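The primary structure of each chain is shown beneath.
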Amino acid sequence: MVGREVIGAHYGWRGWLMQRVTAVVMLVYTLLLLATILKLPALDYEHWKALWERPLMRYATVLFVLSLLLHAWVGVRNIFMDYIQSTGLRLVLYVLVILALVAYGVWAVQILWGA
Amino acid sequence: MAIAKRQFDAIVVGAGGSGMRAALELAEANLRVAVLSKVFPTRSHTVAAQGGVSASLGNDEPDNWHWHMYDTVKGSDYLGDQDAIEFMCRKAVEVVVELEHYGMPFDRLDNGKIYQRPFGGHTSNYGERPVKRACAAADRTGHAMLHTLYQRNVRAHTQFFVEWMALDLIRNSEGDVLGVVALEMETGEVMILQAKATLLATGGAGRIYAASTNAFINTGDGLGMAARAGIPLEDMEFWQFHPTGVAGAGVLITEGVRGEGGFLLNKNGERFMERYAPTVKDLASRDVVSRAMATEIKEGRGAGKDGDYILLKLDHLGAEVIDKRLPGIREIAKKFANVDPVTDPIPVVPTCHYQMGGIPTNYQGQVVVPDGRGGETTVRGLYAAGECSCVSVHGANRLGTNSLLDLLVFGKASGETIIADLEANSGSQQDLPKDAGDATLARLARLDSATSGETIARVGADLRRTMQLHCGVFRFPDGLAEGVRMMKDIALRSQRTFIKDKSRVFNTARVEALELDNLVETALSTMISADARKESRGAHDRSDHHERDDVNWLKHTLWFKEGNRLDYKPVKLKPLSVESFEPKARVY
Amino acid sequence: MRFSIYRYNPDVDAKPRMQDYDIPLEPTDRMLLDALVRIKEHDDTFSFRRSCREGVCGSDAMNVNGKNRLACITKITEIKEPIVIRPLPGLPIIRDLIVDMSQFFKQYHSIEPYVKNETPPPERERLQSPEDRDELNGLYECILCACCSTACPSFWWNPDKFVGPAGLLWAYRFIADTRDLATNDRLDNLEDPYRLFRCHSIMNCADVCPKGLNPTAAINKIRDLMVKRAL
Chain X
0 MVGREVIGAH YGWRGWLMQR VTAVVMLVYT LLLLATILKL PALDYEHWKA
50 LWERPLMRYA TVLFVLSLLL HAWVGVRNIF MDYIQSTGLR LVLYVLVILA
100 LVAYGVWAVQ ILWGA
Chain P
0 MAIAKRQFDA IVVGAGGSGM RAALELAEAN LRVAVLSKVF PTRSHTVAAQ
50 GGVSASLGND EPDNWHWHMY DTVKGSDYLG DQDAIEFMCR KAVEVVVELE
100 HYGMPFDRLD NGKIYQRPFG GHTSNYGERP VKRACAAADR TGHAMLHTLY
150 QRNVRAHTQF FVEWMALDLI RNSEGDVLGV VALEMETGEV MILQAKATLL
200 ATGGAGRIYA ASTNAFINTG DGLGMAARAG IPLEDMEFWQ FHPTGVAGAG
250 VLITEGVRGE GGFLLNKNGE RFMERYAPTV KDLASRDVVS RAMATEIKEG
300 RGAGKDGDYI LLKLDHLGAE VIDKRLPGIR EIAKKFANVD PVTDPIPVVP
350 TCHYQMGGIP TNYQGQVVVP DGRGGETTVR GLYAAGECSC VSVHGANRLG
400 TNSLLDLLVF GKASGETIIA DLEANSGSQQ DLPKDAGDAT LARLARLDSA
450 TSGETIARVG ADLRRTMQLH CGVFRFPDGL AEGVRMMKDI ALRSQRTFIK
500 DKSRVFNTAR VEALELDNLV ETALSTMISA DARKESRGAH DRSDHHERDD
550 VNWLKHTLWF KEGNRLDYKP VKLKPLSVES FEPKARVY
Chain D
0 MRFSIYRYNP DVDAKPRMQD YDIPLEPTDR MLLDALVRIK EHDDTFSFRR
50 SCREGVCGSD AMNVNGKNRL ACITKITEIK EPIVIRPLPG LPIIRDLIVD
100 MSQFFKQYHS IEPYVKNETP PPERERLQSP EDRDELNGLY ECILCACCST
150 ACPSFWWNPD KFVGPAGLLW AYRFIADTRD LATNDRLDNL EDPYRLFRCH
200 SIMNCADVCP KGLNPTAAIN KIRDLMVKRA L
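Protein chains in written order, with numbering that gives the first Met the number 0: chain X, 0 to 114; chain P, 0 to 587; chain D, 0 to 230.
Keep in mind the hints are simulated off the structure, nothing from the lab.
What you were told as hints is all true, and nothing was included just to trick you.
Below 27 Å or equal to it, Euclidean Cα-Cα: the simulated BS3-like pairs (lysine-lysine) are:
hint, chain 1, residue 1, chain 2, residue 2
1, D, Lys-79, D, Lys-39
2, P, Lys-304, D, Lys-74
3, P, Lys-501, D, Lys-14
4, X, Lys-38, X, Lys-48
5, P, Lys-90, D, Lys-115
6, P, Lys-573, P, Lys-90
7, D, Lys-39, D, Lys-14
8, P, Lys-501, D, Lys-39
Quick caveat: nothing in here was measured; it's all calculated off a predicted structure.
Looking at chain X on its own, in the form it has when it is part of the complex (with noise of 0.2 Å):
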């Protein structure tokens, strides 16, 4: 029998450039973050708690944590096309990690504006 091969899956480029663009996010934010601390008068609890209800801060972070989330998502998803072969495993196994990276999100949204 004939293999018949289906090839160029026309996707690829963009996960590629994602990884690239949210690691300059971070890195930008982690910098910036980083300043923002040392110039601090204080590092005590109020002057830490009046830092993150500044509504620019907390836009920041969320961008950061989206950055960080898609970031992971290329990830491991890559680790997981390396070395996971059989496609229903991979499957579940993208579901579980969109699963917990959508839950880590909202876990970090509600922190932000929960307290």
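Chains P and D: place on chain X using the hints.
Okay, now just chains P and D, sitting in the frame of chain X:
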């Protein structure tokens, strides 16, 4: 034992340049074609060709096929058949342009055309001065060509039988060739591949010499098959010694080095080629240069502590030219000679390189044999192209870059002839003779049952040493006579060899044993033909007959395996459309 | 000279083994291939592929002391004793050092390795400037020895789906050729999370290439083209 059998319209034995060029014609004509190769196609020895492929494109300076034809006839020392030479030189532009259209990555001139460089023996205006005729892809022309041809065959869906070794031709009682018996190396299975047309494109047999630029696979399998099937071998005494093989290693250094401006020096730093070939110097034809080098060494002017090599100087070209035009040479020199040619000369010696003789064919690629009435006749169903064939366009000495041209022109021509012949007699397959394959199975059975004897390596080494000592650049009557005796003895010894490995799967010991049979036929035919030719012509130089003898020896040798019989046939001095080039003294 | 060589003949052996050889070499034996030929003179059951013995045919790729190399251009003096030789990793073994390269060639064929240009050919050569021709340098020299692809973990895990460094190098050789008019189709063919994007740029391929080529660089160029085309 019954052998499995498969049928095809055409079989091509060998997937080097000529085999793949022919296969391309056949596959694009939608014939059922099987291409057999001992190695994956891109590993065939065409891959090692370096300097270029000749065609009078005239891209950089005026040139035309008449000049190319003259150079080739003169280069052949007038032994080449002028009809075939005209055919080849006229077709050159077409086949090279075709190859470019297939995607061959030729180097380019500033105007975008194919880059051309000078090469030995190629001149403008009938010998006036060197001409740029060699179309090159850096110093990897053969590699680029072989890959391009393979790729084009992939496009044409050619069916390859990779790592299959053809062992013997099948001929019926009328002498028609009906296919081959072949061995699938991976499984050890023997099969009959039947076809209406069989093309031998098995390349050369440079491995009969101890010092050779040739690959391990160049064992003359097509020559052995033909000889065993009763087909004569033509002009086997003519072997080209390439002037510049790396001393000790044998690896080829292209003539393109001299084409780009490099030259040879003896131990005194003298550019000695000025004495031997005042007009074109280092770009004289290969037999002339090799003989000059061997003379320098013989007369004590060789370089090195044993005075046994010549120096090839190219540092004056500068690192930029070397890296652009000769990058592979720099790599080889560093690896195999421990010198960087950007600063130091490369030690070189004349090294066995190319077989001008082979299976006699006409310029359409059909194999021709004497008809017993003074003329010749074609062998129905059998064709040959490339180095294993003798068309004869190279005569007694081949010009550099004419081999790649030969592959293209006669690969294509033989493909076209097969298509025409199959159309003309579109009958079904002929019946195989009852004993088809028996002789092959007997050879294999002997190897399988032998429990003692000499090793293949030992007999092979003796064969190569004998050829090297008795049939080299300079040949002596006593040496040749002794060589004939020794080769006959080695032929007998090769029937009593033994291999320890009796297994089926990828048994390379068995493959080497079968190759030895082919080496023996090649070496024996060479030694006997050389011993008989009492003159010096092209690559054949005898100490007792220093001059060319056109009265007695302007003729092709034919060696028959049966009884080691020799026959001769006239050189075709009449071209297809132009005046003959009459033999005259050959000076460069 | 001491060697430890992977041996397996399915006809004879139940399972693979390492065999030690201690072989005296001749002064003319300079490359590893010379030594292997010498070993075969002593033991004709030892099988390996070889042909040109000058590094252009790509037959004798093998794993030497843990690194993929061509035996014919590996100087014996450059490698440490005992010399441990195994077949190329990641491909099915037929016998001894001979591996089944079908998967490797299948991937090479899958990129449609020939210049695609359906415009009627001119009477003479298609023109190409020397600069455009230079784009092919570092690409067309590939000898299909498979040193790179069999040094690539991504190819080990997904040899059926990942084209591998050799195939991708060739893909870019045709993309880079000004005479080839199928760049778009070629990018479509490769735009796939497996076919191209299994490359994680670890550069094992460039590290082992006996011809000094850099498949990772070619892969990066293909990816750049894909991104540019999309944005």
